[in-house]
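Novice: Each chain is listed here by its residues.
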Amino acid sequence: MSRNEERIADVSGDALSEVFEVQMGPQHPATHGVLKLNLVLDGETVLSCKPDVGYLHRGIEKLSENLTYSQSMPLTDRLDYMSAIANNTGYCLAVETLLGIEAPLRAKYLRTMICEMSRIASHLLWIATHALDIGAMTVFLYAFRERELILEMFEELCGARLTPSYPRIGGVRQDVTREFMDRLEKFIAEFPSRLEEYETLIDTNRIWLKRTKGIGIIPAEQAIGLGLTGASLRGSGVDYDIRKHRPYDAYPYVDFEVPIGISGDVYDRYRCRMEEFRQSVRIIRQCMEQLPPGPIIADDAPDLVMELKPPRKVMAGSTGPSPLKTALIRLVEDRQAYMEGDVYVSTEVPKGELGFYFVSDGRGMPYRMHIRSPSYIHIGALGVICEGELVADIIANIGSLDVVLGECDR
Amino acid sequence: MELLEIVEKLREAFPGEILEWIEHRGQMGVIVRRDRILEMCRFLHDDSEIQMNHLMDLCGVDYGDRKDVRFEVVYNLYSIPLRHMIRLRAQVPEDDCRIDSVTSLWTGADWHERETYDLMGIVFEGHPDLRRVLLPETWEGHPLRKDYPVQGPEKEWSGYEEVKAVARRLKKYDFYGAAEWTDEEESRARAGEAGYVKE
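For the record, the sequence lines run as chains A and U. Using the numbering used here, the first residue of the first sequence is number 1, and each one after it goes up by one. Using the numbering used here, the first residue of the second sequence is number 411, and each one after it goes up by one.
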């Protein structure tokens, strides 16, 4: 009998016990969005926890069936708005696999670099809110200071902070500038010392340790069964990182380690993510050193590319469709037979495994697009994890699974 | 283990259940009948040489009248220890829209199946708690079906009136006095006049 089951049996046998229902959320500061939990409580013990989601459902999958591949791209920004670039990259990789094109090496390196920056930004927001929920307020302010630096770099790179849509199918939108690289270099030189700052604030905080160690334990077998991915799974000691298992972009060329937890509690998941910060810095540094020259977008990318190509010569007096249109039509026709089929491509975004399943009938838009979003699965697992825990630990668990509701509800 | 070997093993274990297999972009998709899907998944999950312990994705696809069988339920399976993936595509006919649930193998399939039921209308038999998940429980229709209009149904959702009634009832708790605004004030606030606050 596990500790949680014991606790449930303990309170159920109590003659004075009284069961009552509480609806936590949908507007609750610690639920990180519009997440509602239907709780059945006996005193402080959670007898059952049923998450209720869908408040942010926008029908992205249905919408994308009526948009071309490149038009759907901005929709993926709105999934996980903490790390929009990682979503974009996942989407682009899936479409690239479907269309059978490959991004040039420089674009791959750039995407890897930017993805890792967004991982740092996302994890910073995670540590800020997670610590705030549990009762360590100071980290929040420090973490937001660093996150702002990254967002400013994104702004310099492509003009947007939260919804960049920077990657393109077959490459990236534009090249990096010298100033951007200088800023990034300065940032990664400084950032490890900032990390130590956070750790001194948290790791010696007795409240933090008491509220995270031994709380929300997920054994490895259960974690795999529940479909957890990302740091939430690795905290339980399972070595599953898509960057290593099915390497994409420039990850095969860089050297990094995947931090693994032992006991699978909230504290281990926290340690895993803290270590991921350092690995991300390491990846960014290698990408900057190895960044090869060359084109940033594939020649056969069927995209709204911000690239100047010589205009096609039109015969005098002809009134056919515009050259761009004919080129696109021909491109689509050429690929029609080639594109038919289905692919599932997943990438390691900060929250876990983000997968795109495409069914294509050869047209320029997906016949069916399904998004496997990590937060959706994590919230599904939340009910199982929280049963038998205390009410206060639900907050710690939500924080440690690192969910975002925009991605959950799609 | 090679992907084709897995298909071969599956064919030996379940003769007549495998209809077709397609390799596309290095990924193997196996089209199967739906009747013994749970046994097939258990076979893939438990076999020591296959060990598909991670259900990456489960979703439904509506092929409309393009195919003989309208729906497909797609299982994307991955083996964490052995690092290979395979895709099962179980055919589900329109007139009998049901398939066995795989929640007994992967607990995480719970929410995948609820989503597929919610948006595609495929019933998973043996699922512990098959309710709508993303849409309201009183919603009519399944939006990801191809015959569902993109701009939504013509009829308003039945629960909408109820939501509005609740909103009207709660208006008396409005601390900002918005309930007593005149039409002009309200229109100014709605037009987003920067920082418009009633004096």
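By construction, these hints were calculated from the structure, which means they are not laboratory data. All figures in this text were calculated on a predicted structure; none of them were measured in a lab. Check each hint, because a few of them may be wrong.
[To be verified] With a straight-line Cα cutoff of 25 Å, these simulated DSS-like cross-link-like pairs (lysine-lysine) come out:
1. Lys477/U - Lys36/A
2. Lys477/U - Lys556/U
3. Lys565/U - Lys62/A
Novice: With reference to the structure, classify each hint as holding or not holding.
Specialist: Hint by hint, here is what the structure shows:
1. Lys477/U - Lys36/A: violated, 40 Å
2. Lys477/U - Lys556/U: holds, 13 Å
3. Lys565/U - Lys62/A: The given pair, whose Cα atoms are some 19 Å apart, holds under the 25 Å limit.
The structure shown violates just one earlier hint, number 1.
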